[in-house]
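J.: Protein chains in written order, with this note's numbering: chain A, 1 to 89; chain B, 90 to 302; chain C, 303 to 1293.
Quick caveat, the hints were computed from the structure, so don't treat them as lab data. Bear in mind that the values here come from a model prediction, so they are computed numbers and not experimental data. Cβ atoms here follow ideal geometry from the backbone N, Cα and C, with glycine treated the same way. Please note that a few of the clues may not be correct.
Cross-link-like lysine-lysine pairs, in silico, BS3-like; alpha carbons within 27 Å at most [said to hold, decoys possible]:
#, chain 1, residue 1, chain 2, residue 2
1, C, Lys-939, B, Lys-132
2, C, Lys-990, C, Lys-1179
3, C, Lys-689, C, Lys-580
4, C, Lys-990, B, Lys-132
5, C, Lys-810, C, Lys-822
6, C, Lys-810, C, Lys-689
7, C, Lys-1028, C, Lys-990
8, C, Lys-328, C, Lys-689
9, C, Lys-1028, B, Lys-132
Restraint ranges, calculated between C-beta atoms of paired labels, are given here [as the list claims (entries may be wrong)]:
#, chain 1, residue 1, chain 2, residue 2, range
10, C, Gly-1215, B, Arg-137, 40 to 50 Å
11, A, His-75, C, Pro-1190, 37 to 47 Å
12, C, Ser-933, A, Tyr-43, 38 to 48 Å
13, C, Gly-922, B, Ala-108, 28 to 38 Å
14, C, Leu-1135, B, Ala-108, 41 to 51 Å
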Amino acid sequence: MRIECPLCGERDVSEFSYLGDADFRLPSADTDGLADRFYEAVYLRDNPSGPHRELWYHAGGCLCWLRVTRNTRTHEILGVELATEAPRA
Amino acid sequence: MRTEPTDITCPALTSLPTAVGNGRGVIATEREGLGIARIAARKGQSARMAELFRARFGLEPPNAPRRASRGDVAIAGIGPQTWLATCEHAGNTFAQSLGPVLADCAAVCDQSDACLILRLTGPRVRASLAKLIPVDMHPRSFRAGDLAQTVCGYINITLWRLEDTVQSDPVFEVWAGRSLALSLQQAISHAAAEFGFVRQSSTGPADAGRRTG
Amino acid sequence: MSANRLREGEGALRRDRTLSFTFDGKRYTGHPGDTLASALLASGVRLVGRSFKYHRPRGILTVGSEEPNALVELRTGARREPNTRATGVELFDGLEARSQNRWPSLRFDLGAINSLFSALLVAGFYYKTFMWPAAFWEKVYEPAIRRAAGLGRASLEPDPDGYEKAHAFCDLLVVGGGPAGLAAALTAGRAGARVILCDEDFLLGGRLNGDRHEIDGEDGALWARQTAEELAALPEVRIMTRTTVFGAYDGNTFGALERVADHLPMPAAHQVRQRFWKIVARRTVLAAGALERPIVFGGNDCPGVMLASAVRTYVNRFRVTPGRRTAVFTSCDDGWKTAFDLVDSNVEVPVLVDARREVPAELEGQASRRGLRVVLGAQILDAHGSKGVRGIDVRDDRGRTSRIATDALAVAGGWNPNTALSAHLGGRPRWSDTLAAHVPADLPPGMIAVGAAAGELSLAGALRTGAAAGRQAASAAGFEAAADSPPRVADEAAGGTPLWFVQGFRGKAFIDFQHDVTTKDVAIAAREGFHCPELLKRYTTLGMGTDQGKTSALNAHAIVAALTGRSPADLGAIAARPPYTPVAIGALAGAHRGPHFRPCRLTPSHRWAESRGATFVDLGEWRRAKAFPLSGETDWKRTLTREVRSVRDGVGVCDVSTLGKIDVQGADAGTFLDRVYANMISSLPVGKTRYGIMLREDGMVFDDGTVARLSPSHFLLSTTSAHAVKVLQHLEHARQVLWPDLDVQLASVTEQWAQFAVAGPRSRALLERLLEGVADVSNAGFPYLACAELQWQGRPARLFRISFSGELAYELAVPARRGEAALHAIMGTGEDLGVVPYGMEALGTMRIEKGHVAGAELNGTTTAHDLGLGRMMSARKDYIGRVLAGRPGLSAPDRPALIGVKPSRPDARLTAGAHFLRLGAPPSLENDEGFISSATFSPTLGHWIGLGFLRGGQRRIGERVRAHDPLSSGDVEVEIASPIFYDPEGNRLRA
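Next comes chain A alone, as it looks inside the complex (with noise of 0.2 Å):
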């Protein structure tokens, strides 16, 4: 697989390392049942079949922190953002 990190280019994914859900958001302190959706947050991740927008750190490149926009199914990039840039959806 091979990802287009903004910066450096297109790179092999041995560079980079996963982090999972890139939509996932921490509950803000102020939440009910504030570690039962923490549970959810950290280990209730969903894990679509299809498109799923995903961490990536370019580990052996710049450090940067991206939105990767994968198809699980068939390893297709479809876009690729610099997390400071790209908002949360």
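Based on these hints, arrange chains B and C on the given structure of chain A.
T.: Just chains B and C now, with coordinates in the frame of chain A:
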């Protein structure tokens, strides 16, 4: 800028052989004395940082992985609102002097001692580096003045392409963490062994590599 | 002249040179250009191996990498390599090969007795036969099967040869150097595109070398050679022969194995044996050709039965005939070419049997011109001969069977396009009724199949589709190919009617030669419901050999289809997975083995430590000085004791540069650090240092270290050596993803600074001298946890008053290249104070004496409460990990928590990893109460001590339990103690 006294080179390198294999397919020299500063603009201050840098050094900081240079000073984009600036022979004084210049608009970190810099040239330098570095180094894809932050084997590096030599041999520099000097040199000399690897003592500041992109 | 070498013609050989080799110890000769297979055939050697299950005699079936039978052991000693395909082994002088899977000899193999028990060894026999009694599996069945089965023997010595990886990028990757591949490469290469052409053979040309063709009025093999020469001269074209593209991966990435030196007795100096290429290609042309399929009949595994195209290649390219008399059995036009080429090379063809009743008149005309005996509408039922074919039983169209004497039999069952790479990413090939085979469909992005791989079996079709694909790839890369007119070639007959298997045979009819799967096995599987290809494979082991069923899969599917009243199209193609041919693990590892397994980081004082006779230890990536033994100190305990006492009573110095150092700046740096550390950081005054812990979002402790505040907007963090890289990643995540609005800048400065701990009651005296006029290091001027930026010896320096040893201590940081000089200065300045260098052993011992947690305790499963750090978790702010750390279970009183242990018997030794059990409780999982995480001999206390985690934690101080470690120290009674064994009030470090 003041020239600093000669430093001790990274100890690990002295234990390496000066030649591996036969021939001069790849010639390596260690570049010494370069002042290196990592510059990260404060929030919303990158335009101001660029302006101050331009005013002081007459150079526009690139917003891409390319190097701009003028005289002894060069600057290259290494990330969003982040640059690596260098100054020949300046050592630690460069980063210290940049602090006041950029005032409150950037975080400046001295990296002069953090990097081992190997300058590599010779007719087989691309073929050798292709065994270690997973980026396309074809002359059309990676031009003089370009840089790539990538890996060399399992070592994080910054790869720079400089102007070719007068014999049209490509010139690259590999920058890596100083602690990895031994492993990096072993990896490169091993990869270049079939073409012949030669390590030369530092040629000092006046060598061909000053013709940076 | 060898027995079966044809007298005339060069083929692709260099007959002026003779190479000598041995097979099973017997000496033979061949020529440059031969493979081991062609040289063995030329020497009249037909029996080259025994089959996997029944130990049946086997010969050479093919001429390529699809070979299922002719697997041999190559070379001797440390270079011995099992399961190499003789058809792909390029002959070199002095080559040594041996047959496999036979005992005591190839011609007389006792294992052949398995044939008598074949009724027991049919499909599913593993599942049916060895079920009962269960205990028999491990002791009886498995060892017996292991001994009987298996192929060659790997060398038990380390591989003396080198391997490496390499990366390549191109506009067009052409897989296969036959006519279609050459045409594609030539068209794109001439246009200026960057082209890589790979072929597993050492000679480009593919079938052009095995068949007799004319291109533009020239010999096809010559055209291939000239084209290869033109390609080699193009600057942007790289030709890689002896290179198998073995896998297609996501992102237009391909794995290829280059056999750099397999054709030599041993690699040249500084040359590797094999090179693993990772190729990234904008476009790919799949020109991998097609594989001929056998026809299944009785005794079809008899040595001398070969694929017809292979016979043709042996005749034309290697000038070898498999037998003085060679019969042909075909169901397609292509098989006739073999008969013609044999006759034209003066080899007797006793009969050509075509299962079809009608064939093109042109073929019949050519046959009659050559006086060839042709039998149409007939089938070969059985081949006979114990160690090689002697005769064949032919049943004609009226059902009459006659035996015809022959030494060899060429079999042409039709062509299967080589679709493997087209299907590696999950695409499934499509059934073509015209070809009666699968053709590539649903190809990976950017891949085009051409020539025989696409089902274009004619030479004209290969050249046309190849050139078109080359033009398309060039255009995609921005190059326009000239519209050259295609080369002129003759029309060919390329029809056929599939004949998968014959009926009415007597002997065993093999489908998968390598795994000894017969028609009977497949019939059982079909009868028992395992008819879908994936189930059939697993039930019968069909296609699970090193050849992965290249010559057998479709035949098996067609037979199952016939038995179950379906078409092979209904069954679909079996999944193809990389690698296409076997790849040595060594090649995948490349240069990363032995001492080069991973990079090693050296500290700034490494050379100095070496000169002092230090011993070293690898901790994560770092190689660190373990101890500095003096001459005469033969016992590690004496060195440790001296180093620890020197620090506790005097002063010592230790290189601590490996700790991660992260520079944090920005107006919001304090706020940011409050959110990533569990304790409060923003309240830290400038010029002060604070211990901090970071949690993961799940509430477990992630890392610990110090935070120094250098200015209101400038902090310097230290991390554990092991987590330095991960902590930066974690902080970058927090900065870039969680809170991009904060003004924070991060940079790793680990490599920039050499840092030395100067520890012990006399450290102040040493630093007073060293930093005279630079810094006031008195307790008042520079109290415990102070920090400062200095200018020392004309360069920046940093000083911290922090202590890991528990003594009065400082850490001095200087630019890395000055590290060694700084150490010399420290040692020189402190000489009369008795300063000693100390290593990791002493450092680790002192931290255990002091109860400081380290990597063994920060193991990712411990909470701040477990570590006795619960009070550090601030209640006045939010931070990463706060909510989930508050889960009741994570601070439950019975959770194992940090304690100290000492042995009840003062001379007993403790080991990390020992588990705690109550006295008298048997060692079982239910009775497990925790474990020792770190243990050391304490020179300060004079006995072993340890840190660990015990249910109930420090409430159990004074209690005696057992530390149970059956792997080393056995069972030791220990007393639970406070984890702080030394100076619990901390008076010494504040002195």
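J.: State for each hint whether it applies.
T.: A quick look at each hint next to the structure:
no. : hint                                  : verdict
1   : C:Lys-939 with B:Lys-132              : 54 Å, violated
2   : C:Lys-990 with C:Lys-1179             : 21 Å, holds
3   : C:Lys-689 with C:Lys-580              : 44 Å, violated
4   : C:Lys-990 with B:Lys-132              : 26 Å, holds
5   : C:Lys-810 with C:Lys-822              : 8 Å, holds
6   : C:Lys-810 with C:Lys-689              : 15 Å, holds
7   : C:Lys-1028 with C:Lys-990             : 25 Å, holds
8   : C:Lys-328 with C:Lys-689              : 18 Å, holds
9   : C:Lys-1028 with B:Lys-132             : 24 Å, holds
10  : C:Gly-1215 with B:Arg-137: 40 to 50 Å : 56 Å, violated
11  : A:His-75 with C:Pro-1190: 37 to 47 Å  : 41 Å, holds
12  : C:Ser-933 with A:Tyr-43: 38 to 48 Å   : 57 Å, violated
13  : C:Gly-922 with B:Ala-108: 28 to 38 Å  : 32 Å, holds
14  : C:Leu-1135 with B:Ala-108: 41 to 51 Å : 45 Å, holds
Checked against the numbered hints above, the structure breaks hints 1, 3, 10, 12 and satisfies the rest.
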